[in-house]
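Chains as they are written, first to last, in my numbering: chain A, 48 to 428; chain B, 48 to 428.
FYI, nobody ran anything at the bench for these hints, they're computed from the structure.
None of the hints are false.
Residues of chain A clear of chain B, computed beta-carbon distances all greater than 12 Å:
1) Lys101
2) Thr160
3) Pro161
4) Glu165
5) Arg176
6) Asp204
7) Leu221
8) Asp255
9) Lys278
10) Glu322
11) Asn328
12) Thr413
13) Arg414
Listed next, the in silico DMTMM-like pairs over lysine to aspartate or glutamate satisfying Cα-Cα at most 25 Å (straight line):
14) Lys73/A with Glu302/B
15) Lys337/B with Glu311/B
16) Lys202/A with Asp127/A
17) Lys277/B with Glu139/A
18) Lys269/A with Glu143/B
19) Lys273/B with Asp223/B
20) Lys202/A with Asp223/A
21) Lys364/B with Glu82/A
22) Lys378/B with Asp356/B
23) Lys349/A with Glu330/A
24) Lys424/A with Asp307/A
25) Lys273/B with Glu139/A
26) Lys128/A with Asp259/B
27) Lys335/A with Glu168/A
28) Lys73/A with Asp52/B
29) Lys277/B with Asp357/A
30) Lys96/A with Glu303/A
31) Lys128/A with Asp126/B
32) Lys335/A with Glu311/A
33) Lys269/B with Glu143/A
34) Lys136/A with Asp357/A
35) Lys128/A with Asp127/B
36) Lys73/B with Asp394/A
37) Lys278/B with Asp49/A
38) Lys128/B with Asp259/B
39) Lys278/B with Asp356/A
40) Lys73/B with Glu51/A
Just so you know, even glycine gets a beta-carbon here, dropped at the ideal spot from N, CA and C.
Number of protein chains: 2
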Amino acid sequence: MDIEDTLLMIPGPVKVAPRVLRAMSKPMISHRSPEFGAIYADCRELLGKFFETKNEIVIMSGSGTCGMDAAVGGLVGRDDKILTITNGKFGERFTEIGNRYGKSISVDFEWGTPFDPERIESAMEEGVRAIAMVHNETSVGIINPAREIGKIARKHDAIFIVDGISSIGGNEFLTDEWGIDIAITGSQKCLAVPPGLAVVSVSQRAMDALRDNSGSYYADLKAHIKSARKKPAQTPFTPAVPLFYALQEALHMAEEEGFDARRERVRRLAQAVREAATALNIEMFPVKGKFSDYSNTVTAMKIPNGITDDKLRGGMKKQGIVVSGGQSQLKGKIFRIGTMGVCSQGDILRTIQTLELILAREGVITRQGTGVEAACKVLDS
Amino acid sequence: MDIEDTLLMIPGPVKVAPRVLRAMSKPMISHRSPEFGAIYADCRELLGKFFETKNEIVIMSGSGTCGMDAAVGGLVGRDDKILTITNGKFGERFTEIGNRYGKSISVDFEWGTPFDPERIESAMEEGVRAIAMVHNETSVGIINPAREIGKIARKHDAIFIVDGISSIGGNEFLTDEWGIDIAITGSQKCLAVPPGLAVVSVSQRAMDALRDNSGSYYADLKAHIKSARKKPAQTPFTPAVPLFYALQEALHMAEEEGFDARRERVRRLAQAVREAATALNIEMFPVKGKFSDYSNTVTAMKIPNGITDDKLRGGMKKQGIVVSGGQSQLKGKIFRIGTMGVCSQGDILRTIQTLELILAREGVITRQGTGVEAACKVLDS
Chain A
48 MDIEDTLLMI PGPVKVAPRV LRAMSKPMIS HRSPEFGAIY ADCRELLGKF
98 FETKNEIVIM SGSGTCGMDA AVGGLVGRDD KILTITNGKF GERFTEIGNR
148 YGKSISVDFE WGTPFDPERI ESAMEEGVRA IAMVHNETSV GIINPAREIG
198 KIARKHDAIF IVDGISSIGG NEFLTDEWGI DIAITGSQKC LAVPPGLAVV
248 SVSQRAMDAL RDNSGSYYAD LKAHIKSARK KPAQTPFTPA VPLFYALQEA
298 LHMAEEEGFD ARRERVRRLA QAVREAATAL NIEMFPVKGK FSDYSNTVTA
348 MKIPNGITDD KLRGGMKKQG IVVSGGQSQL KGKIFRIGTM GVCSQGDILR
398 TIQTLELILA REGVITRQGT GVEAACKVLD S
Chain B
48 MDIEDTLLMI PGPVKVAPRV LRAMSKPMIS HRSPEFGAIY ADCRELLGKF
98 FETKNEIVIM SGSGTCGMDA AVGGLVGRDD KILTITNGKF GERFTEIGNR
148 YGKSISVDFE WGTPFDPERI ESAMEEGVRA IAMVHNETSV GIINPAREIG
198 KIARKHDAIF IVDGISSIGG NEFLTDEWGI DIAITGSQKC LAVPPGLAVV
248 SVSQRAMDAL RDNSGSYYAD LKAHIKSARK KPAQTPFTPA VPLFYALQEA
298 LHMAEEEGFD ARRERVRRLA QAVREAATAL NIEMFPVKGK FSDYSNTVTA
348 MKIPNGITDD KLRGGMKKQG IVVSGGQSQL KGKIFRIGTM GVCSQGDILR
398 TIQTLELILA REGVITRQGT GVEAACKVLD S
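Turn these sequences into a full structure, and let the hints steer you where they fit.
Structure (structure tokens):
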């Protein structure tokens, strides 16, 4: 495998545009300089459009989990309760983080199945400080109903935390309209930046609720907000400077394309994958519901009968296409294709073509071309 | 200021070699792939030489503070005590982190003055789990006595944590010989990599002492060790992939130069700065002691009479040389020059020359050239 000749189709890290990669090779600057402050300020402004929010935005040097840690740790002290909702790996991560600092009341649904808002509301207890959910559950390819859960949070006066890590900038994600107090994304998803930055938006309501000296010292949301508001804008600890260069460049690329146009492109790419899968008799893994839908940023499909995970993904990798398998209990049962960021029509067609090649080789399908044809219909429409 | 024509002489982030910057522009890879695992394994092995240790090494995606947070948070639970020693900003950070998760017993010395081992030992109480100190206090340019404090830690059966962030790979730093259970560095210092990675070495003794589900969720040392030991080597959360590319390249550069040769070069550069300062009647800020010395990675000097911080550093910056000021209560009182990583003789001479230019312009010195001459004597010897 030569990494410069490999197409990365996993749901993060995603393919990064060459101009964004090149932006990282500028020399270092002092992180306390006006030059760094200007980059940070520019990113904060453009990210507001990505998040569809007027809330405060901070950038942390760490993965998306660092942002989840900051949100939960800042709100949940030793005697506090948080309601967490799970139907996949990352929802379960919220439960773990809540239990690290306080107590999680976890409302669990089978992986890949829809939330039931009634069951969630009935689990609310007196004094629950926050509700945390994952909007786009990367592990199973489902979109969960943030708008509906947001109403429950507001009714019970709980801070509403949404992991939008693989969603923001790909799926529709209306931070302000849905009443999301803390929204989180990671650089390596729809922003199409290398991994290493978490972006967190924080409402005034959430800021007022943040506890002092709570949670992780490094992932301290209050400290990050305080530093971001300085002139020049700063971070409390030394930031990953090259990733800020990359983020700024990637945000300018997204602005050039148009934030709405980008989301529409991503939606169409995912639809093409789904149509191709249907044409190839490959089943979707997640279950659609009244308030839940298939993700536009990651498509999770069952591995067809007649082929193993190893043969499917291993075979594709030998052809230069990297797709993801299932996590935890879904290992060997599903495979996942990401369609975020700067993923192109050509990337999708090459991926489907290669998938067909491998399926045909193993005798799972007899005729190649039906998947690509179905995808083309969507992409060309 | 054009950042591509500016010489960064601050004590981190430091100048990064072009081949290290270029290494970051490779495409992304999956962080769960054998390809990533091979990079991580290679880095872990070479870092052992940098740290002079056979201990386990993990790399975290975050600043050096993330590593400090992981060390203290992993050991210090709600009812635990940690002894912290301070004579500058970063020692005080240990105190803050200790108080975040448990209770710090802080032994404080005036900023820039030597530790008194007797006073430190007499502050030890029953049940103190760990002692934390900074080896090279970046804020004041002093080297603190790790060997001596290590003996106290061992005698009292406390885990010994040393912040070697601006030290390891620059000053002499003997992790195993000095009995350092947890040593920490950051990528943007002597490793000459962009900021964004923390490297932590952990002894078996420290691993046995780490508490479960303790401290920060993101900066969880136990989780990082567990993932690093997997085959292929992994990180618990998505790592900052380009910084791993850069780290690997920088470690290979250091290996080519020779780890000992690099430390000797850095020592000589700092000595040149000190000799130049003496020739220019500029006073060192830190106070040398029986067990304390001037740092070889950052030289902290008093701002001479007759010039302000603004004029000194602002004037140098206009000439394309960025040096640091003082932090917190030392703002306006000292300035600092870093000599880590791939800093060259030419960089030092250009810096001193520019310093002389500014001092002469403000009438602080009457004749230029004496600083450069003094530095050359050291560099040419």
